[in-house]
Each structure stands twice: as structure tokens, then as C-alpha cells.
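Trainee: So the chains spell out like this:
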Amino acid sequence: MGLFNSIKQALGVGAEAAATRDADPEDLFGMSTAYVTMEANLGYRPTGDAALCFSAVESAGFNDVVEEVKAILAAGEEDTGTVAEFREDSYGYRWIVLEATDFEDLVTSVHFASDTIIEGRYGSRLLAAVFAFEATERAGAETGQHVYWVYSFRRGTYYPFAPKPREERNERVEFKLESVLDGELTVEDDRGYWYPLWPDTTGSHPWE
Amino acid sequence: MASMEWQADWGLRGRMLVTMVLLGVLYVVAIAVLWELFTSVLIIVVFFGIFTFAQVFYSDKLALKSMGAREVDASEYPQLHRMTERLCQQADLPKPKIAVADSNVPNAFATGHSKDSSAVCVTTGLMNTLNDEELEGVIAHELAHIKNRDVMVMTIASFLSTIAFLMVRYGMFFGGRGRGGRGGAGILVAVLVSLVIWVISFILIRALSRYREFAADRGGALITGNPAALASALRSIDDTMERTPETDMREQAEMNAFFIIPIKKGFIGKIARTHPQTEKRIEKLQELERELHT
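Residue numbers (our numbering), protein chains in the order written: chain A, 198 to 405; chain B, 136 to 429.
This is chain B alone, in the form it adopts within the complex (with noise of 0.2 Å):
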């Protein structure tokens, strides 16, 4: 008999769960490497720590603002608000904030660091792109991530990296005032480590976010209980992607990671997609919706 009762699919989990713990053991390893180089490293490590995190908290605010996007209330989009609502409902989450940018590329994204300060933004493209189902489908897909609590994960996971990062690019800054007899040559070394960390950390935490949108997919299919329609949704924001002009799509580059399909500019390269690629995304909605009729 036909039923609701999904398989479960543990493979994208355990290959998260790997994902995660390479991640730790990096994380742990890079952090006991730099401290047996010297205590001074770590000082620094503390200073970008706590600018990493604020800048964090800030950013959920900054996501909206660098799209342009505003808050709307449920008098301006009605549809809009009840849609998320019943979805909400479904996925046992309190609403969020929902937000409208203006813009012709179909899109939406979700920001927010735990259910209460989270938020679902949708383009006016979105919205004339698709049909009521399909944009029920990429709503709901966002409401997974926000269930999930995706940005949550991604900050942690890219905590070190970033730290990394910074240290690569403005280690040798620190350098020049080295603390005591070792100096210069360990802080090259330090960059030197940080700039093994931060390549290994971001093909890691690339692959991370490829799991978690598929896991999205997952969550927002079983959400609606439709996967057709958040499949043919995909399809048509990925056809209308490839149409718009180029001008809209450079403005956007850097939101890439938030959006529900990231813009293609030109050739990244297969590790460093923060997004699976549309077919195969489609291919796993398929087999959901086989599962439905079987």
C-alpha cells in the first residue's frame, strides 16, 4: 500500500556525518599544531575569534540589506504570509520574518542564527517565475533550512576556516611586532599551516554545504509532501538563471552560498560548488516522488 512512510536516506547522512567529523579532527588537529608552535598564535586566533562572531551575529541583518530585500507584513502580501504560515504549521516551526527583494532573478534565501531571528526572503522574480505549488515547494525547502538551522551549522563549520584565512592574509601583518626570540620565521610558519587548514577546510565545508541542501530538498519535499513541484520549481528558476543577464548576476555573486540555486559564473570547479547541481537534485526529488506512488 502507498503511504507516507519514507525511506530514510542514510546515505547523505553518513556522508554529512563525515563530513563533520574530518572537519573537528582538522579543526582540533590545526588548533594543537599552533599551539605547540607558540602561545602568541593563539592570542591572534582569540582576536579574529571574537571578530568572526560578531560580525556573525550581524549578519543576518546584512544578508537581507545586501539584497535589497525589506520585511513585508501580511497586508502587503497576503498570500505570501498565509502560504509560509500553513507551511510552518507543517514543519513545526514558529514563523519567520519574510522579506521581498526586488529583483528579476528568481530567487530566495533563508538567514537567521535560531528560529526566532529568522527569516525567508523571496525575489519579485520568484514570485512571477512560479506557480503557487512550485513556490510553496522552494518556501518550504527554505523552512527546512531554517529547521535544520543550516546558518548555525555553516557559521561553526566555517568558524576555523575563516580564522584560517584571515591569518593567511594578514598573518605577516602580526609578524612584524613577533612576540620574543621566535618572531618572524614562526609566524611564516603559522601561515604556512593556516593556508593548509583553510584549502582542506574549504573543500570540506563546500561538500557540507552540498549535503545540506540536499537535506533541504528532503525536508521541504516532505514538507509539502510534493517533490514534483519543488522539482519542476528548480528547473524553471535554473532555466530562467541561465537567461538573465549577466549584469544581475554579478550583483548577486557573493550571496551565492545563502541562495536556493547559486548563480553560475563561470567554470568553479566541481569542489567548490556550495550547491549541488540542479539534475541531480531533480534526480533525488524523483526518487521521493516514486516512493510516493509505490
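Chain A on its own, in the form it takes in the complex (with noise of 0.2 Å):
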């Protein structure tokens, strides 16, 4: 890759590349047996909320894939009860928001959402898939304090997101979210990459 990347460099594509390249969602199905450990290993459950973020694009063809993606979850709901919601956050970054009493429906309706998306060729919009959790007694940390994780099509990596109030991050949790987890889920190596994603106001979630 090394070599591949320098040549991409100077022929100055490096940036087109990375922002066209499609997203892999299989990935994402990583997370229902991951969270089972988290619950097991580490005492924190799921809220039973997942999101998914994507940038908008302004041209019809992005809105058709949009409205199919619509479609496809209102259908679920029937089926699994889970909800979705469309959001937009104040950086005009769209939010899918869902929420189900069962993960792995959730699990499986993000995949639906995204494989739409990628479907419609507009996979290169994908941000992340955020999954979110909170400490029960068991964790060791305060009740009902909120952790995600955080799936990155860009890098197809995760990574765990342990926010605090005031726009800080509990690294200490983090750094235990990542290693138990690390070996289940791919978890990004490179700290770099660990992009936070805060909430509009503290204590809410990041799509909120």
C-alpha cells in the first residue's frame, strides 16, 4: 500500500481517492456479538439507539436514494418495530436515527440504511454508524453514562467514543472499551482517526 499511496500522492489524487472510495458495510454486523461482550465483560447495555451519519449531497439523485432508504425502514418498522428517525445537526450533517428494543434489529436496519446508500452509489457519503451504550452498576463508572461506538466507513474501522461534559473525553473508559473489544471488532490502531462527535448540548446523544 506504501508505494501505491506515494504514487498516489504525486499525481495528487490521494485526497479524490479517500473521498470517493465506497464503504464497505459487512462490517458492520461485527457489532452483534460485540455487544454482547460489552454487557457480559464490561457492564455497559445497549440504549437500544443507533445512528447513522452521512453528509447530504444537493442534487436529485441523492435525494431519490434518501426517500428509498425512507421507504425501506418505514417497512421495517411494521415488520421489527424499530423506529427511524431523519435528522439534520447543525454542522448539515443528516442523522438516521433508530431505536429498537432488540439490538440486533438495529444492527441489521443500519446495514440496511448504509447498503441502500452504497446501492445508490452515494456510499462515499457515509460518515459513521454510531452505536450507543450506557454503564450499568456493573461498569464500574457512573449509572447510565453514555459510551459508543463509533463505525467509520471511511477508515472501515470502529472506535469507542466515552464523551464527558464539557466537550471532554473519558480516555480512561475508552482505553478499556478498546481493549477488550480489540480482536471482535477492528478497532482503528491510530488515535488519530478516533473523531468525536459531540452532542449540539452536553449529555445527549451525538445525533441530538
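Some clues are possibly wrong.
[Said to hold, decoys possible] When the alpha-carbon atoms are kept at most 27 Å apart in a straight line, the in silico DSSO-like pairs for lysine-lysine are as follows:
1. B:Lys-230 / B:Lys-250
2. B:Lys-250 / A:Lys-205
3. A:Lys-205 / B:Lys-200
[As the list claims (entries may be wrong)] A few chain A positions that, by computed beta-carbon distances, are all more than 10 Å from chain B:
4. Leu-208
5. Asp-224
6. Gly-240
7. Ala-272
8. Asp-302
9. Thr-383
10. Thr-399
Read the hints as simulated data drawn from the structure, not as lab findings.
Being a predicted model, the structure only gives us computed values, none of them experimental.
Each residue gets a CB set at the ideal place from its N, CA and C atoms; glycine is no exception.
With the hints as a guide, dock the two chains, each given alone in a separate frame, to form the complex.
Mentor: Have a look at this one:
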């Protein structure tokens, strides 16, 4: 990869290639076993929320794809009870927020949504999938504290995100999550890529 | 069906490759000729070489300093930081340092020789002039420069050119203490050869610099998925630039090569431009925008 990257950089297409590289949604299924470990070994249980973050494109084709995702998720709501909500945050990024009692339904819905966007050939717009967990008494942290596993579509890797009030990160918790889940999930080993996804108000989810 | 699959710009890649090959050939020939003339020149080349590279590795901070820019953290410019983070995520880059320069001239530049040492600097004027979408476009353009490692590419490309320039300027000085029999006359030839190398490489490097700008525009537009916003940002930067008082421009003239749009300082001539004309860049972005809708 090193030489290939160097050639891309020499030709000035590195940025272009990275921005248009397609995403692989199959990695998302890693989460459907990881959540068991999260609860059993760490004491963090899923809150029942997950979200998909992507940047919008101002084109009719893109809007068609988003409508298609909406239709699929609406049909899914009748089958599984997974509720989907479409939002835009203050940075102009779109979120599909999903809520389900069964964690595997969440993973399936996130996969469905991202797969539809990729099929519509807008996979390069997918930024992240976020799965929310909260601390139980067993976690050794303040009960109810939220932590997240973020899947980066660009990198094809996961990283933990444990926000604290005032836009600080709980690195101790993130370290613990990384150590225990590494292997089960492909954890991003370069911390420079552990981008935070701060919520608009502290204490709420990144998509709020 | 409309989609995000973009046509590769093979023309641009080709021109870039040809320019780089020509530079490479020029440098190899130059070294061979100088070697043929005498070995003492090589000592000077090595001397200047070490000097140039040392300078290069200090220049990261120098660029920020000479602009009066200072690094800012997320508490001071939360919006700028978050915007950059999202774009980095899209561009698959670790987050660079973010600096702000207090200046009414709307501009931005990226520095750094590696992904880890890189910084993006914007002026307060840029943030005042552009809306969020346009600012995003400009930052994405700078991130594309970082991703394409343009500072490093241009440093390597200009390396021998810089030495040739130094030879022309200071070669005579070394001539006074010519080594052995070949002495002064030999140095004179070396200076002449250097002059030729410098002139040719100057033209090639400027061409390469313009191609890198086009590539960064492309990269930036594909990162945001919004070529129109970058185009309108370029347009308003260009317009503001023409209205800005002359004093500001002179202050920043030497930083031109790093800017998103260089300040116009009289007629430099087409081949001496580091940046393509804004009109041409906007045209290219319009092509991308069209691709988006077809």
C-alpha cells in the first residue's frame, strides 16, 4: 500500500481517492456479537439507539436514494418495531436515528440503510455509524453514563467514544473499551482517527 | 441515474506526470553535467542541500509565524474545529492543527511536511467573508493539499531549483577560492549551467503548482460533495481581494505560493503564476457540479 499511496500522492489524487472510496457495510455485523461482550465483560448495555451519519449532496439523485431508505425503514418499522427518524444537525450533516428494543434489529437496520445508500452509489457520503451504550452498576462508572462505538465508513474501523461534560473525553473508559473489544471489532489503532462526535448540548446523544 | 461516481481527470493527471518527468530529467541531466565539469561543485551542492533541507523542516512553523497566525483550540473556535473534524473524517485524515490569522484579507493555507505536522490556517477575514458552506469548501481544499502531500511534493520539486538559484547568486563567491587548476572559469560555467537549470525548473515548478491547485480543488469538492460552494467561495475571495487595500497585499505577497488564491501583484506573467486563474478553477468546478446532476 505504501508505494501505491505514494504514487497517488505524487499524482495529486490522494484526496480524490479517499473522498470517493466506497464503504463496506458488512463490517457493521461485527457489532451484533460485540454488544454481548460489552454487557457481559464490561457492564455496558445497549440503550437501544443507533444512528447513521452522512453528508448530504444537493442533487435529485441523492434525494431519491434518501427517499428509498425512508421507505425501506418505514416498512421495517411494521415488521420489527424499529423506529427511524431523519434529522439534520447544526453542521448540515444528516442522521438516521434508529430505536429498537432488540439490538440485532438495530444492526440490521443500520446495515440496510447504509447498504441502500451504497447501492445508490452514494457510499462515499457515509461518515459513521454510532451505537449507544450506557453503564450499568457493574460497569464501575457512573450508572447511566453513555459510551459509543463509532464505525468509520471511510476507514473501515471502529473506535470507542466516551464523552464527558464540556467536550472532554473519558480516555480511561475508551482505553478499557478498546482493550476488551479489540479483535472482536476491528479497532482503529491510530488514535488520530478517533474523531469525536459531540452532541449539540452536553449529556445528549451525538445526533441530538 | 445520477450518482457520485466521478470521471477521473486524466488530462490533469497526464499533465502533472509529464511536468514531473521533465523536472526529473532536468535534474538528472543537471547533476550529470555538473559532475562532468568538476567535483568541487558537488561539495557546494551538498552544502546548499543540507542548508535547504534544514530550512524546510523549520518552515512549518515559519509559515504560520510569518502570517501572524496562532494555533487555536476547540474552546475558542468550536465551530471551525468541528467542521474540520467532519471533513477530516470524510477525507480519511487525522485532524491537523488549526490556526487563525488576524487579517482582513480572506485567505487560507495548509502547511506541514507530514500528515502529523500539518496545520490549516484561515484568516479572520475568510471567516467573515464566507458562509458555512463556502468555508467548508475552502477547508476541504486545504485538507486535499495535506492529503496529496503538496508541501512535500513541491519541496522536493523545488529542491534542486533552489540550489541552482543559490549557485547563481553565491556561486561567484565560491569561485574566488576555486579549488586547484580549474578555478574561476569552471565556476563561471557552473553558474551559467545553474542559471539555465533555474529558469527551466522555475517554469516547470510553477506549472506543477498550478496543476496541484486544480487537483486540490477537485479533491476538496469531492470531500464536501459540493463543488458549487467551493466555486462561490473562490469567487468571493477573488472579489474581496480586488477591493482590499494595497498595503495588506504587500504584507502578504511572499506567502502567495501557499494561499488558496494568491494576491495579485501587478502582471507576473502566465507562466510565473503559482495558481491558475480563478475563472479556470471555477470552470473546472462547474464541470464537477454538472457531473453531479447527470
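Trainee: List in ascending order the numbers of the hints, as given earlier, that are violated by the structure.
Mentor: 3 and 4
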